[in-house]
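J.: As you go down the protein sequences, you meet chains A and B in turn. Residue 73 in the working numbering sits at position 73 of the first sequence; the count goes up by one each step and never skips. To convert, count from 1 in the second sequence and add 1000; that's the working numbering.
Hints are computed from structural coordinates only; laboratory data are not their basis. Where is the CB? At the ideal position from N, CA and C, for every residue including glycine. Hints are supplied without guarantee of correctness; some may be wrong.
Said to hold, decoys possible - Partner residues are not named here, just some residues of chain A that face chain B (Cβ under 8 Å, in silico):
{"no.": "1", "residue": "Gly-24"}
{"no.": "2", "residue": "Thr-28"}
{"no.": "3", "residue": "Val-42"}
{"no.": "4", "residue": "Met-44"}
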Amino acid sequence: MAYVVPRPELTLKEKAYLPSIISGLKITFGHFKKMLQGKTKVTMQYPEEKWDAELPEYYRGAPTLVKDDHDRERCVACQLCEFICPPRAITITPEEIPAGERFEKVEKRPAEFKIDMIRCIYCGMCEEVCPEQAIYLRKDYAITGITRGEMVHDKKKLYELGGVFKGLVHKWNPEK
Amino acid sequence: MDFITSIPWALIAWSVAKAVFVIFLVVLPMVSYTVYAERRVSAAIQDRVGPNRTGFPTTLLGFKKDMQIILGGLGQPIADAVKFILKEDFTPGGVKKFYFWLAPCLAMLPLVSLAFVPFGSSLFGEKMVIADINVSVLGVFAVTGVGVYAIVLAGWASNSKYPFLGGIRSTSQMIAYELSMGMSIIPVLMAQGTMQMSHIVQNQADNGWTLLPLWGHGLSLQSWLLLIPFGISFIIFAISVFAETNRLPFDMPESESELVSGYHTEYSSMKFALFFLGEYTAMIVGSSLIVVFFLGGWHMPGIPDGDGNGGLAILRELPHWILGLVNITCFFGKVAALLVCFIWVRWTLPRFRFDQVMKLGWLYLFEIALANIILTAAIIAFTSK
Chain A
1 MAYVVPRPEL TLKEKAYLPS IISGLKITFG HFKKMLQGKT KVTMQYPEEK WDAELPEYYR
61 GAPTLVKDDH DRERCVACQL CEFICPPRAI TITPEEIPAG ERFEKVEKRP AEFKIDMIRC
121 IYCGMCEEVC PEQAIYLRKD YAITGITRGE MVHDKKKLYE LGGVFKGLVH KWNPEK
Chain B
1001 MDFITSIPWA LIAWSVAKAV FVIFLVVLPM VSYTVYAERR VSAAIQDRVG PNRTGFPTTL
1061 LGFKKDMQII LGGLGQPIAD AVKFILKEDF TPGGVKKFYF WLAPCLAMLP LVSLAFVPFG
1121 SSLFGEKMVI ADINVSVLGV FAVTGVGVYA IVLAGWASNS KYPFLGGIRS TSQMIAYELS
1181 MGMSIIPVLM AQGTMQMSHI VQNQADNGWT LLPLWGHGLS LQSWLLLIPF GISFIIFAIS
1241 VFAETNRLPF DMPESESELV SGYHTEYSSM KFALFFLGEY TAMIVGSSLI VVFFLGGWHM
1301 PGIPDGDGNG GLAILRELPH WILGLVNITC FFGKVAALLV CFIWVRWTLP RFRFDQVMKL
1361 GWLYLFEIAL ANIILTAAII AFTSK
């Protein structure tokens, strides 16, 4: 079955084509003028303008380690986060806390705690699984480095980013 | 020996010096900043920002920060050039090497036609045109006619079907529109009675621009009647320039959506950049021609020329070299305005279908241009005494 495509009947003005060009030029000029007047809403100019103030509560940025009110590492090197981590970004080397130290009673702490930020997918499972509430996803998102080595956050860097988290461990606290 | 001594070496050296000055200090920067303008204007038209932050890499010289914000991306053309030079220059296996290399060289040929264009009145008593010959109009058209070879050779030598189709399209398109381009300019030449571009501009400075006859002999019935054919000429010439420079809505040879990127599909690095520069040089040549033929060249009402003739009496007191520089600025100002129009049109119109382009060129523009010549002849014949 042949199908005839209906061709529209053009008026003389439409056939001349120049009037439609002019009306088209008017439209584009309108956009141009609006941009020059600064009325057009454009993308955020990133390094100068930042979104930091509007980050939502639940934003998942870089994972960090925290200390408690007594300056104790909350992490007890149970390695749960290492096991849950989907891209296997976390590497923990546990160590025993030697006798005679202030937090001898805690028994274990990480000798080294590394998170490979090239691997990390910011899923937040480490935070969810941590029984000690030691690892938290903070709002840092601009994690950059010049070498691969620089992109691996070690314990020092993680505590630097995480800081101190005061208060009770909420998970076992009925008050929340 | 007689032959060698008879060659005017001083004239040749002086012309070469002028050509180098014009090409390297005026046209090539203008080309690269046209590319920048194209990107910024197109961005503004499409509600984007465009390249606004490439500064000059002062960090390489040991500074803390790049110069960036104030310059608003003006370093972009330099960065582009460096990128093109550093990229790998890849020659595909099946190409015809000699012609494959020749094509991008020919693409820069439009630069030659700038030699005939008077871009200023005079500076320190020197005429601001490289080759002031008495058939400069013909010269320009001859050189632009050769411009098609770049595309044809590129399309053929690439030994690949898309460049080939692009080359074929461009040949037929260039031939079609060269005719109407040449025909449309004849009314102007008839009225001016000369083929020398500097004389055409001088006439316009004395007797009113082709499209603005408001002083001198321009205030006569003949000039006002001639505005009708001149208006038609202007429109046809402008359309043909668009087609000749392969700009949208006539970019058949490239037409990304159909032919990958047309005749320069197989080219990379600096060879591609030469095609790119050639296209923008052709744009500048086209706009300069429009300015010379229709918009009074370097002349601006009220401003005297570089020898202190014409214009307002007060301005004639100024040092003549200032006037000469003002005239050059006027010329390039007009060219820049036209270039912005080129860009504006490009980002407004969709591409024509190929048969529509051919129909427009052969069936309408060419015929209208022919009729226009007869109309002009009739007007000149009946209104002159």
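J.: Give a verdict on every hint.
T.: To see whether the hints hold, each was checked on the structure:
1. Of the supplied interface hints, the one on Gly-24 (chain A) holds, with its beta-carbon coming within about 5 Å of a beta-carbon of chain B, less than 8 Å.
2. The restraint placing Thr-28 (chain A) at the interface with chain B holds, with a minimum CB-CB distance near 5 Å, inside the 8 Å limit.
3. Interface restraint check: Val-42 (chain A) against chain B, minimum CB-CB distance 5 Å, threshold 8 Å, status holds.
4. The restraint placing Met-44 (chain A) at the interface with chain B is violated, with a minimum CB-CB distance near 10 Å, outside the 8 Å limit.
Consistency note: the structure conflicts with earlier hint 4 alone.
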